[in-house]
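Colleague: These are the residues of each chain, in order.
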Amino acid sequence: MQPMTEFDPAPLIPRNARILDSRRVTAKERHFRLALEAPLGHRPGQFVMLSLPGVGEAPISISCGPGDEREVELVIRACGSLTHALHQRQAGDVVGLRGPFGNGFDLQDFEQRDTVIVAGGLGLAPLRSLIEPLAARPRRYGHVTLISGCRTPADELYRDKLRAWAQLPHVDVIRLVNDTAHQPWDGEVGLVTAPIPRLDLEIPNTLAVLCGPPVMYKFVIMALAARGMQNEQIYVDLERRMRCGIGKCGHCQINQVYCCRSGPVFRFDEVATLPEALT
Amino acid sequence: MKPKIAFFDMASCEGCQLAILDCEDIFLHILDLVEIVEFREALSETAPRFDIAFVEGSIHREMDAERLRSIRARCDWLVSLGACAYNGNVQARSNALAPGENMLRVYGPEAYHRTQTDPHYWPLWAHSRVRPLSQVVAVDYHLRGCPVDREEFLQLLKRRIAGALPRVAAQAVCVECKRAGNECVFEHGDTCLGPVTWAGCNAVCIGGGYRCDGCRGLLPGANLAAHRELLREHGLSEAEIDNRYRLFCAEEVAEATA
Amino acid sequence: MTSFLANEQALEDWLRRQAERHEVYWPQRMGKASYAFQRLRRRSPLRLDRLDDAPASKPFRASACVVPPGRLLAPMQELLYRFEPDDDGGYRFIPCLDPTERLIAGIRPCDLKAIHLMDAVNAEGVPDAHYLTRRAHTTLIASNCLQPCDAHCFCEAAGSLDWREGADVFLTPQADGQQLVECLTPRGEALCADAGFSPCDAPEERRQSAEAHRPQPFGRQFDAPLVKVMAAVDETWDSPVWDKHVERCFSCGTCNLVCPTCYCFDMRDDLDIEHPGCGSRSRCADGCMLPEFAEVAGGHNFRATPAARQRHRVKRKLAYLPTQFADGSFCVGCGRCGHQCTVDIDIFDIANDLAAASEAPHAADD
Chain A
1 MQPMTEFDPA PLIPRNARIL DSRRVTAKER HFRLALEAPL GHRPGQFVML
51 SLPGVGEAPI SISCGPGDER EVELVIRACG SLTHALHQRQ AGDVVGLRGP
101 FGNGFDLQDF EQRDTVIVAG GLGLAPLRSL IEPLAARPRR YGHVTLISGC
151 RTPADELYRD KLRAWAQLPH VDVIRLVNDT AHQPWDGEVG LVTAPIPRLD
201 LEIPNTLAVL CGPPVMYKFV IMALAARGMQ NEQIYVDLER RMRCGIGKCG
251 HCQINQVYCC RSGPVFRFDE VATLPEALT
Chain B
1 MKPKIAFFDM ASCEGCQLAI LDCEDIFLHI LDLVEIVEFR EALSETAPRF
51 DIAFVEGSIH REMDAERLRS IRARCDWLVS LGACAYNGNV QARSNALAPG
101 ENMLRVYGPE AYHRTQTDPH YWPLWAHSRV RPLSQVVAVD YHLRGCPVDR
151 EEFLQLLKRR IAGALPRVAA QAVCVECKRA GNECVFEHGD TCLGPVTWAG
201 CNAVCIGGGY RCDGCRGLLP GANLAAHREL LREHGLSEAE IDNRYRLFCA
251 EEVAEATA
Chain C
1 MTSFLANEQA LEDWLRRQAE RHEVYWPQRM GKASYAFQRL RRRSPLRLDR
51 LDDAPASKPF RASACVVPPG RLLAPMQELL YRFEPDDDGG YRFIPCLDPT
101 ERLIAGIRPC DLKAIHLMDA VNAEGVPDAH YLTRRAHTTL IASNCLQPCD
151 AHCFCEAAGS LDWREGADVF LTPQADGQQL VECLTPRGEA LCADAGFSPC
201 DAPEERRQSA EAHRPQPFGR QFDAPLVKVM AAVDETWDSP VWDKHVERCF
251 SCGTCNLVCP TCYCFDMRDD LDIEHPGCGS RSRCADGCML PEFAEVAGGH
301 NFRATPAARQ RHRVKRKLAY LPTQFADGSF CVGCGRCGHQ CTVDIDIFDI
351 ANDLAAASEA PHAADD
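Chains as they are written, first to last, in our numbering: chain A, 1 to 279; chain B, 1 to 258; chain C, 1 to 366.
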């Protein structure tokens, strides 16, 4: 039946990925580990298109560091029909996966540099793919300061990881919530911008990386700029609702830039002049 | 286990249930997916509980509201089936009139006077207000249209069984009309409610040579001021425009312009 | 390349012969005042009826169709793949590519340029196999425009009136009622080889002398040169012009869906009811004027207002894509968006207003 053709449709066709485990991490988010037919070969900050055949497809950030395992880790928030349905899938079930897509982070940029990572809410999921390699090789990548904020203690992702990273000598972790909501909490209370003025940074040799809800970027960038950080030193990981992942469908366009292809990671000077980038 | 589904009707023509029975070519496949436990149009059985209730019709009397609450209590998931259930449909036009005047218009002076004197005489149209289901109970999903679109019903069943919901884009009928390659109704001299009406019908009326009268309800955020002006430019009087809107969207237009 | 002269009857006969071997599409009347590219069925009668006001209903005379011919290459709804259960609890995904041999006749230069631009868009970066497969199996027969199609046409102003690239065969009506048939590609040569047309020399002169009879100016003209219009669109961000032109906008997406260079899409999954576990994914034409187009999970909308969406649409046509592809304006001046818009919002007027505003001395944008 398959017609002969000289063009490869593969970028739009999913591959099978089997759920190895799925565990609840917050009220709305579950962490998935998927087994792949072949290693993903991804860079930190890239994303995949995850689908339930017959139901739909959504862009999901890759949450694990690069490696050659035939596995990928994703954090999926139930916020729509597809993601709710994904939450009901169990170990052994098969989902569809395309990608990886996007540019991601170039780890070479981080060599011999200190890094401030600011993660808001679900933004920690994609940034973990960067934190893992940075934290694993201190002599190559320098000091890491991670500011991780979320709404309430119950919304915190990767609590075990955050605590484990905090134990490393070259990693500082500042955990914040907007509101303790009467829950036990051993971190700080406030917005992710709050710690920035007091950080002990060697600004010229420091990079900053941001990912979080749309409202967060502008204020974090203002706080970093107040510390003397230039746009070229700031990386933003932007969220858009990609449909195709290959720069065609138009949904993720930020002015003239296709977020799925030129992003979702941008050095801020590349998008600082794009009025649609942050709002 | 197959989900149990049930159908109910309130004030309606039951045309939506007929539209679903129109799936007869694939009805056996549907029965592979679900078990129909109550369906007056097709079955005599009734059931104490079910997973999905499809309710057609609008609510006119308190006894209908009570019945709806009891259906709600017996199901996990309640779907409004068609325009009457979703927004009151043509019946809701009567909400623009005082109940007494309504009564007079529909049943005549004799009946009107009898309601004043005979406490047991209370015909259907002497209600105080036509309500869509959502004004009485929580509704989980709306199947819009007069009648509902069979394909949309099937999509909902298939998705629901897969643990998801169909995505209902908040788009005007024009989207589907252009995708279908139709000639615009305004191009051939008629007027159309397509620009302010929820899509989902694949512009079936326009494709069939008619126009859109808005049976799927007013699109949220519709630019009604511009649409009214457009209809005026095409020769409709204010009264004719009001009539066109009230045909299927009486409640919503009243709300949007309040 | 070879050229011929043919009378209209010979061309009709030739196209009908093609329809015995390929799917042949040409503009046919639809509704009361419109045209559509429709399939010429082998036994179906020729429907070349004329509209009283438009002597352009023959397939080799161009007609403005509601849906552009490029949609035969990128259908409004298109199956991308089917899937079925495999033996291991997973799925077998089966791509759906369409290598049907097609021939499209009656393409106007503006639409021809649009197809050329869509070829570039779909070949660039990650190539789109579904489009390119259709395109590789499609023959294009374009027709020169000697009259503007309707009052909305501004193809000359948009720089696409004289576009020929991409056509396999290019037709130009001659004063004597014949058609000049120019074969522009080997595929066009092969198609015309056994057509029985009369060979002709000096096609260039014949075409130019026909074009000399075009009205001057040809269709609507911008108040400023195209480059200035495009520069104004590129440079304008905050402007009352965007708001002015959306007061009556329904955000219905018509302007996107009839545009020959709009190619955005959405994806949909479907499950077969007859075959449990089987289903398909398709894509359908989408538009950046639709309210939910730039919405992300959680509900934030990056272009929440009609004005922001209008700005994006106009900038895509006249600034963003022209910069990326260096092939001139992506608005080809076909006039469809303005014609089909029920409230007369016209990219021509928007562009003109932006150019005028940027010329004005107080134009201090950003």
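If you are wondering where the hints come from, they were derived from the structure by calculation, not from laboratory data.
Treat the hints with care, since some could be wrong.
Across the chosen pairs, the derived CB separations fall in these ranges [unchecked claim]:
hint	chain 1	residue 1	chain 2	residue 2	range
1	C	Pro225	B	Ile26	51 to 61 Å
2	B	Glu24	C	Ala120	17 to 27 Å
3	B	Ile26	C	Thr2	48 to 58 Å
4	C	Asp98	A	Gln112	15 to 25 Å
5	C	Gly31	A	Ala154	54 to 64 Å
6	A	Arg267	C	Gly89	40 to 50 Å
7	A	Arg151	B	Arg69	33 to 43 Å
8	A	Arg151	C	Glu101	33 to 43 Å
Computed from a prediction, not measured in an experiment: that's the story for all the values here.
We put the beta carbon where it would ideally sit given N, CA and C, even for glycine.
Colleague: Does the Cβ pair Asp98 (chain C), Gln112 (chain A) satisfy 15 to 25 Å?
Modeller: Given range 15 to 25 Å: violated, Cβ gap about 53 Å.
Colleague: Regarding Pro225 (chain C) and Ile26 (chain B), is the given constraint of 51 to 61 Å on their beta-carbon distance met?
Modeller: Holds - the Cβ-Cβ distance for Pro225 (chain C) and Ile26 (chain B), about 60 Å, lies within 51 to 61 Å.
Colleague: Between Glu24 (chain B) and Ala120 (chain C), does the beta-carbon spacing fit 17 to 27 Å?
Modeller: The hinted range 17 to 27 Å is violated for Glu24 (chain B) and Ala120 (chain C), with Cβ atoms some 49 Å apart.
Colleague: Given the range 48 to 58 Å, decide if the beta-carbon distance of Ile26 (chain B) to Thr2 (chain C) lies inside it.
Modeller: Holds, since Ile26 (chain B) and Thr2 (chain C) (Cβ atoms, about 55 Å apart) stay within the stated range.
Colleague: Using the Cβ atoms, figure out if Arg151 (chain A) sits within 33 to 43 Å of Arg69 (chain B).
Modeller: holds, 36 Å
Colleague: Falls inside 40 to 50 Å, the C-beta gap from Arg267 (chain A) to Gly89 (chain C)?
Modeller: holds, 43 Å
Colleague: Kindly confirm whether 54 to 64 Å is satisfied by the beta carbon distance between Gly31 (chain C) and Ala154 (chain A).
Modeller: holds, 59 Å
Colleague: Just to be sure I understand the hint, the distance between the Cβ atoms of Arg151 (chain A) and Glu101 (chain C) should be within 33 to 43 Å; is that true here?
Modeller: Since Arg151 (chain A) and Glu101 (chain C) have Cβ atoms about 58 Å apart, the given range 33 to 43 Å is violated.
The structure is inconsistent with the numbered hints 2, 4, 8, although it conforms to all the rest.
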